[in-house]
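> So you can see what is in the structure, the chains are spelled out below.
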Amino acid sequence: MKKGKTITTWRRRAALAGYLFILPNALGFLIFTSLPVLASLLLSLCKWDLLTPPKWVGLENFRNLLADVDFWKVPWMAPYEHGFMFNTLVMMMAIPVSILLSLFLATILNQKLRGMVLFRTLFFLPSITAGIGTMLLWMWLLHPDFGIINAVLGNAYEGLSWMYDGVRNVAYWFGGELSAWPPWGGPNGMHPKWLNDVNWAKPSLIMMGLWGSMGGMNMILYLAALQNVPPALYEAAKIDGAGAWQRFWKITWPMVSPTTFFIFIMSIIGGFQGGFQQAHIMTDGGGPAGSTTTIGFYIYQNAYMWFRMGYAASIAWLLFLIVLVLTLINWHASKRFVHYG
Amino acid sequence: MKVVVWVLTGLILLGIIYSFSTCRAEQSDGRVKLTLFDWNYPIYNKMNRERIAVFEAENPDIKVRLVGGDPDKYMTMVSGGVAPDVTFAGYGSIPYYAKRDAILVLDKFIADDKDISPDMFFGCTMDSARYRGKIYALPDNGSPVAIVYNKDLFDEYNSKHPDKPLTYPSEKWTWDDFRHAAKALTQDRDGDGQTDVYGTSVSFWRNRWPIPVWQNGGEVVSADKKRCLMDSPEAIEAIRWFSEMIWVDKSSPTAYTQIKGVEAGGGIFRQRRLAMGMDARYGYTNLIGKTDFVWDIAPLPKSPTTGKRTSLYLGGVWMISSQTHYPQQAWKLAKFLVGDKSSEISMQCGRAIAANRAVAERILRNPGDGMPEHDSAWIDIMNESRPKDFEFLEMGRYFVRAMDELNYISQGRRKPEEACRNFTRIFNEGLKILWEKEGGP
Numbered sequence: 000m001k002k003g004k005t006i007t008t009w010r011r012r013a014a015l016a017g018y019l020f021i022l023p024n025a026l027g028f029l030i031f032t033s034l035p036v037l038a039s040l041l042l043s044l045c046k047w048d049l050l051t052p053p054k055w056v057g058l059e060n061f062r063n064l065l066a067d068v069d070f071w072k073v074p075w076m077a078p079y080e081h082g083f084m085f086n087t088l089v090m091m092m093a094i095p096v097s098i099l100l101s102l103f104l105a106t107i108l109n110q111k112l113r114g115m116v117l118f119r120t121l122f123f124l125p126s127i128t129a130g131i132g133t134m135l136l137w138m139w140l141l142h143p144d145f146g147i148i149n150a151v152l153g154n155a156y157e158g159l160s161w162m163y164d165g166v167r168n169v170a171y172w173f174g175g176e177l178s179a180w181p182p183w184g185g186p187n188g189m190h191p192k193w194l195n196d197v198n199w200a201k202p203s204l205i206m207m208g209l210w211g212s213m214g215g216m217n218m219i220l221y222l223a224a225l226q227n228v229p230p231a232l233y234e235a236a237k238i239d240g241a242g243a244w245q246r247f248w249k250i251t252w253p254m255v256s257p258t259t260f261f262i263f264i265m266s267i268i269g270g271f272q273g274g275f276q277q278a279h280i281m282t283d284g285g286g287p288a289g290s291t292t293t294i295g296f297y298i299y300q301n302a303y304m305w306f307r308m309g310y311a312a313s314i315a316w317l318l319f320l321i322v323l324v325l326t327l328i329n330w331h332a333s334k335r336f337v338h339y340g
Numbered sequence: 000m001k002v003v004v005w006v007l008t009g010l011i012l013l014g015i016i017y018s019f020s021t022c023r024a025e026q027s028d029g030r031v032k033l034t035l036f037d038w039n040y041p042i043y044n045k046m047n048r049e050r051i052a053v054f055e056a057e058n059p060d061i062k063v064r065l066v067g068g069d070p071d072k073y074m075t076m077v078s079g080g081v082a083p084d085v086t087f088a089g090y091g092s093i094p095y096y097a098k099r100d101a102i103l104v105l106d107k108f109i110a111d112d113k114d115i116s117p118d119m120f121f122g123c124t125m126d127s128a129r130y131r132g133k134i135y136a137l138p139d140n141g142s143p144v145a146i147v148y149n150k151d152l153f154d155e156y157n158s159k160h161p162d163k164p165l166t167y168p169s170e171k172w173t174w175d176d177f178r179h180a181a182k183a184l185t186q187d188r189d190g191d192g193q194t195d196v197y198g199t200s201v202s203f204w205r206n207r208w209p210i211p212v213w214q215n216g217g218e219v220v221s222a223d224k225k226r227c228l229m230d231s232p233e234a235i236e237a238i239r240w241f242s243e244m245i246w247v248d249k250s251s252p253t254a255y256t257q258i259k260g261v262e263a264g265g266g267i268f269r270q271r272r273l274a275m276g277m278d279a280r281y282g283y284t285n286l287i288g289k290t291d292f293v294w295d296i297a298p299l300p301k302s303p304t305t306g307k308r309t310s311l312y313l314g315g316v317w318m319i320s321s322q323t324h325y326p327q328q329a330w331k332l333a334k335f336l337v338g339d340k341s342s343e344i345s346m347q348c349g350r351a352i353a354a355n356r357a358v359a360e361r362i363l364r365n366p367g368d369g370m371p372e373h374d375s376a377w378i379d380i381m382n383e384s385r386p387k388d389f390e391f392l393e394m395g396r397y398f399v400r401a402m403d404e405l406n407y408i409s410q411g412r413r414k415p416e417e418a419c420r421n422f423t424r425i426f427n428e429g430l431k432i433l434w435e436k437e438g439g440p
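Residue numbers (numbering that gives the first Met the number 0), protein chains in the order written: chain G, 0 to 340; chain S, 0 to 440.
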């Protein structure tokens, strides 16, 4: 009896010590994360300009958000005008491409060749380079008159006219047109004006995003996943006469599917929240004409440029709901295509 | 184990108590502690530390703590009840703070203080510190917009065209002279069909396009701030003048070329690809000692129709928070900051032109090494300038959308008339809501 009591006391003390050890972290989380999150929910039901006390407005912010033309409009409603939800979704269309490119790179870098470590490091470099530095670099690469990309396109214009046609078609995809503008003739030919063009700004950011993301953390995750695929599976498949594509499709793809699922979920979440830095640094605050303003940047504009805290909080909560629903759908659907072990 | 647990608990409690104890400024050594807030740039921090050292030496009963940050941080401090006593801000934010009683009215302080008078400052700087007839701030520094031009490109043109030489920009120039010179100086040097040097760079940025509108006798908003007037013939004509330099003369880059840094202080001016930029004196930091050509400044040209020459004044002010516990001491600090010694330090650090007229005139009339020849021209330009009176923070998205309409001109998507009409419509929608919900700007 006495022994049992000692054990209970010891356990209690051990538990207390454990709680005390996690207390700083838990307190920090509660005070600096949970409380602000709850406060933002309350704020979304108020009007607050930071200087005067919040005023309760009920669901007015959400009603205004649902009727906010700038948020929901699509280019085919108003020419050249791209809504912020549309901008965000268009930029997220790069997610599958980015995932496939990461997997492709990881597959190549998974080969046992001399100097592979160097290549892996080189491809990972964009992820550890300062974001602002690379953005400034891309701004110069994409400069319509003096940028190297248009210089190359200009030199190759004649020979690559077929590509220009293709590019124009892509522009249509993103809701705009490339030909016959400016209406009374521009001085700089037909090359894309990249960041300075309503229709090209998003593809420019997508291009930069792909460059940064395909060789980054996603590639490392895939590399780790590929190295966990038992070589015996490939050997058995080879003996059975499976070709390279079959081995990839029937073994590699299912075996890395948990990683793909993880990357996909994180990319969707990141995609809905993203675009702030690019809009702030590269397109002078979400321009031209709002074509690179994403939901994340619109939250910033409302909260810290126009001090409409309540409205900003309501957008943040709508964003949370969208991300939650999409994650749940993904989670449910994952049972069909994600294979664990 | 027990000891470890108690020590840990004690440390956590101490940490919490300490963090709360630092929330308020105190008079621990008998001195009044004031907080001074300014933008967090290294050059400004250095300048402010120098200013504070002088102030503290003159006022041993006051200690000043410098806090650096952007407007977001300032707003967060105000909202948290720990507003800095004295704060630097762009004058555009005065109406927002004044309407919400976040800053003190300074008229009485000025009336009661024989050391300071509104006449000490350039007119445009004092105008920028007023809201609804009351003074809410003391002007610190700023700059209007002027022509910054590459003298070498003018000389090069004149040596090739001795029969039709161009004069350097001067106070005699009208829009026509400017336009003629811009066209003449635009060059395709290698004959590849691409412009290599632009005569000028007109911008539909909100700190540029209002200037020709004002010069031409137009206004962006009515005096009572109830109506947008950008659809007036004067405004449309001024915007068309800008537009034609882009699309008819092709002497200015289109929006497609205007990435950040295209203004005089930035990239293409420094690369000799721009003959005449329109810039504020803030741009000097990007030019002095960084160019391999001779450059100078001149006033903006005047409208040929009205003969009026004005410019747009951009600048910053010192405000005193209504949360301050020490208004008299805060006033003392604000007054010092715009005084002679402090203004001198400010200008030496490269913060544009001091609002303090005497200090500014003394320095501008004695330009140091590397300064442009006509640096003193800024004095007249300051006297002819006016602050922006149409940028209302609460209009948020309406304002941005209205500005987009003008930007569409430089993208070739709108004609000036259509852009001005759309601008007016959108701006009026925003104004209507602002008056209905907030009692006006």
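A couple of the hints might just be wrong.
Stated by the list, open to error - 16 Å max Cα-Cα, derived EDC-like pairs, lysine to aspartate or glutamate: (1) S:K62 with S:E49; (2) G:K46 with S:D126; (3) S:K289 with S:D368; (4) S:K431 with S:D223; (5) S:K225 with S:D388; (6) S:K436 with G:E80; (7) S:K307 with S:D223; (8) S:K98 with S:D368; (9) S:K387 with S:D126; (10) G:K46 with S:E390; (11) S:K98 with S:E437; (12) G:K54 with S:E437.
None of these hints come from the bench; they were simulated from the model.
> Evaluate each hint against the coordinates.
Hint check results:
Between K62 of chain S and E49 of chain S, the direct Cα distance comes to roughly 14 Å. Compliance with the 16 Å bound is thereby established for this hinted pair. For the hint linking K46 of chain G to D126 of chain S, the alpha-carbon distance of about 31 Å lies beyond 16 Å, and the restraint is violated. As the CA atoms of K289 of chain S and D368 of chain S are separated by approximately 13 Å, the hinted pair is consistent with the 16 Å bound. Of the pairs offered as hints, the one joining K431 of chain S and D223 of chain S holds, with about 13 Å between alpha carbons and a cut-off of 16 Å not exceeded.
With a CA separation close to 12 Å, the supplied pair K225 of chain S and D388 of chain S stays within the 16 Å bound. Of the pairs offered as hints, the one joining K436 of chain S and E80 of chain G is violated, with about 27 Å between alpha carbons and a cut-off of 16 Å exceeded. Under the criterion of a C-alpha separation no larger than 16 Å, the hint pairing K307 of chain S with D223 of chain S is inconsistent with the structure, at around 23 Å. Note on K98 of chain S and D368 of chain S: the hinted pairing is violated, with a Cα-Cα distance of about 45 Å set against a maximum of 16 Å.
For the suggested pair K387 of chain S and D126 of chain S, the alpha carbons sit about 10 Å apart, so the restraint of at most 16 Å is met. In summary, the hint linking K46 of chain G to E390 of chain S is not supported, as the alpha carbons are separated by about 22 Å, beyond the 16 Å threshold. As the CA atoms of K98 of chain S and E437 of chain S are separated by approximately 10 Å, the hinted pair is consistent with the 16 Å bound. At most 16 Å may separate the alpha-carbon atoms for a hinted pair to count; K54 of chain G and E437 of chain S meet this at roughly 13 Å.
Consistency note: the structure conflicts with the earlier hints numbered 2, 6, 7, 8, 10.
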